[in-house]
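Peer 1: Taking the hints into account, I'd like the entire structure generated from these sequences.
2 protein chains.
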Amino acid sequence: MTLKTLGAKAAAALDQELMSTCAFSIDQLMELAGLAVSQAVYRVHPLSRGARVLVACGPGNNGGDGLVAARHLFYYGYKPTIFYPKRSKNDLYQRLAKQLEDLDVPFVDDFQSAMGSTDHIVDAIFGFSFSGEVREPFPAVIRALEKTRLPVTSVDAPSSWDIESGPPSSGLGSSFMPTTLVSLTAPKPLVKHFKGRHFVGGRFVSPSIAKKYDFEVPPYEGVDQVVEIPSGSGKI
Amino acid sequence: MTLKTLGAKAAAALDQELMSTCAFSIDQLMELAGLAVSQAVYRVHPLSRGARVLVACGPGNNGGDGLVAARHLFYYGYKPTIFYPKRSKNDLYQRLAKQLEDLDVPFVDDFQSAMGSTDHIVDAIFGFSFSGEVREPFPAVIRALEKTRLPVTSVDAPSSWDIESGPPSSGLGSSFMPTTLVSLTAPKPLVKHFKGRHFVGGRFVSPSIAKKYDFEVPPYEGVDQVVEIPSGSGKI
Chain A
0 MTLKTLGAKA AAALDQELMS TCAFSIDQLM ELAGLAVSQA VYRVHPLSRG ARVLVACGPG
60 NNGGDGLVAA RHLFYYGYKP TIFYPKRSKN DLYQRLAKQL EDLDVPFVDD FQSAMGSTDH
120 IVDAIFGFSF SGEVREPFPA VIRALEKTRL PVTSVDAPSS WDIESGPPSS GLGSSFMPTT
180 LVSLTAPKPL VKHFKGRHFV GGRFVSPSIA KKYDFEVPPY EGVDQVVEIP SGSGKI
Chain B
0 MTLKTLGAKA AAALDQELMS TCAFSIDQLM ELAGLAVSQA VYRVHPLSRG ARVLVACGPG
60 NNGGDGLVAA RHLFYYGYKP TIFYPKRSKN DLYQRLAKQL EDLDVPFVDD FQSAMGSTDH
120 IVDAIFGFSF SGEVREPFPA VIRALEKTRL PVTSVDAPSS WDIESGPPSS GLGSSFMPTT
180 LVSLTAPKPL VKHFKGRHFV GGRFVSPSIA KKYDFEVPPY EGVDQVVEIP SGSGKI
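In order, the protein sequence lines correspond to chains A and B.
Take 0 as the starting number for the first sequence in our numbering and just add one per residue.
Take 0 as the starting number for the second sequence in our numbering and just add one per residue.
A hint or two may mislead.
Identical copies carry no separate label here, and so any pair may be met within one copy or between two of them.
Listed next, the in silico DSSO-like pairs over lysine-lysine satisfying Cα-Cα at most 30 Å (straight line) [claimed, not checked]:
(1) LYS78 - LYS194
(2) LYS210 - LYS97
(3) LYS85 - LYS211
(4) LYS97 - LYS211
(5) LYS211 - LYS191
(6) LYS191 - LYS3
(7) LYS3 - LYS97
(8) LYS78 - LYS210
(9) LYS88 - LYS78
(10) LYS78 - LYS3
(11) LYS78 - LYS211
(12) LYS194 - LYS146
(13) LYS8 - LYS78
Note that these hints are calculated values from the structure, not bench results.
Peer 2: Rendered as structure tokens:
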């Protein structure tokens, strides 16, 4: 099985189409995306391996997915901690943060010291709309993710990687390799550089949309919101 | 184990609080409620017993939960059919219906003839805000649900039942007993009259809200969005 990928422009167009002609609200899509991420974390990092999960959230949709995932992880019995240094003023993100605050989930300012007391990290910093430079305060976070031996689950893209060409050839992010990647709706071209456990989530893409954008809906099982893609797939 | 229940007024107040101080959007809550219903149907009616599911949707939130459940059931491999005779003009419900139309899920006008070619029925007609009279065109539907031998899963309340006192003592609905009930957030007082498989869904209620409204969050397992309550519980 080879898995077709969706480039950055196509992924942005698909997102727009889901929220216009397909009539989904961003609240719905983000809830299902974050739920998918939480289920992948549950699979790769069962509670028996430690309940502490540090979720690094960026300023955009990827960060929103992380906030939703953290809430579901709380309900599964995990103890999430949130690093969310660039809070969006967008109403949806503020509400997602409030939902966590109501659960007494801590928000921390110092990512590196928080890494010292966690069992798993979720990288929800940058997603498919990332390009160019990693802005402050995230360079230090990426450097920490490069060095850590803790398991890291990246949402849609390992943050700092180029969506098309993968890890930077040198410098910041060039040695960042998360242990798990959760591709949302469809894998992005960067997946061919990824070595680790790979999941696809987004069980809301209609057959006609998948056909239009020329990718396969993977074989989800039961009521699962994610499916693990066997190693060796997803190569171009 | 006895399970505390939530009366109609308290359930309405809880819903309002979730969408105001708790910062949830109705899109989020309905997505999670419908997802819970779909998971309960998957448990009580696995695909091997027949993939055809007829979902009867009322004009309000209960109907919206049914529309969401039908979409998730489609993705699990079921073949849903929708009976939705009183379509709301509300934007959210219109979008939920569009999401099903994009999957070529059929909407039918004749409930009784649709019953002739289904394996399971979801009753998403009336929820906790129901009181008084069953309005047209639903009396004939309730009569059909009273007579059918098909398994029926009711969302939050067997439609036509009084939220506090349960089935009408005589006339329409008095002999309606669904095979499955999915209580959302917490069981309603009517549950003490229900004989069948009982699930609770709504894994988004914070411990502090459950405490404030004086009900227990049931022991969900793994990533499940529903939990089955052993028979004999839920009695006052």
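Peer 1: Hint by hint, say whether it matches the structure.
Peer 2: The hints, checked one at a time:
1. LYS78 - LYS194: Result: close within a single copy only, 27 Å intra versus 37 Å inter.
2. LYS210 - LYS97: Answer is between; shortest inter-copy Cα gap is 18 Å, intra-copy 38 Å.
3. LYS85 - LYS211: Classified as neither: same-chain Cα gap 35 Å, cross-chain 33 Å, threshold 30 Å.
4. LYS97 - LYS211: Between. Shortest inter-copy distance 18 Å satisfies the 30 Å Cα cut-off; intra-copy 37 Å does not.
5. LYS211 - LYS191: Classified as within: same-chain Cα gap 22 Å, cross-chain 50 Å, threshold 30 Å.
6. LYS191 - LYS3: The answer is within: 11 Å in one copy meets 30 Å, while 52 Å across copies does not.
7. LYS3 - LYS97: between (37 Å within a copy, 27 Å between copies)
8. LYS78 - LYS210: Between. Shortest inter-copy distance 20 Å satisfies the 30 Å Cα cut-off; intra-copy 39 Å does not.
9. LYS88 - LYS78: Cα proximity of LYS88 and LYS78: one copy only (26 Å, versus 41 Å across).
10. LYS78 - LYS3: Intra 35 Å, inter 27 Å, cutoff 30 Å: inter-copy only.
11. LYS78 - LYS211: between (40 Å within a copy, 23 Å between copies)
12. LYS194 - LYS146: within (16 Å within a copy, 57 Å between copies)
13. LYS8 - LYS78: neither (36 Å within a copy, 33 Å between copies)
This entry does not satisfy hints 3, 13, going by the numbered hints stated previously.
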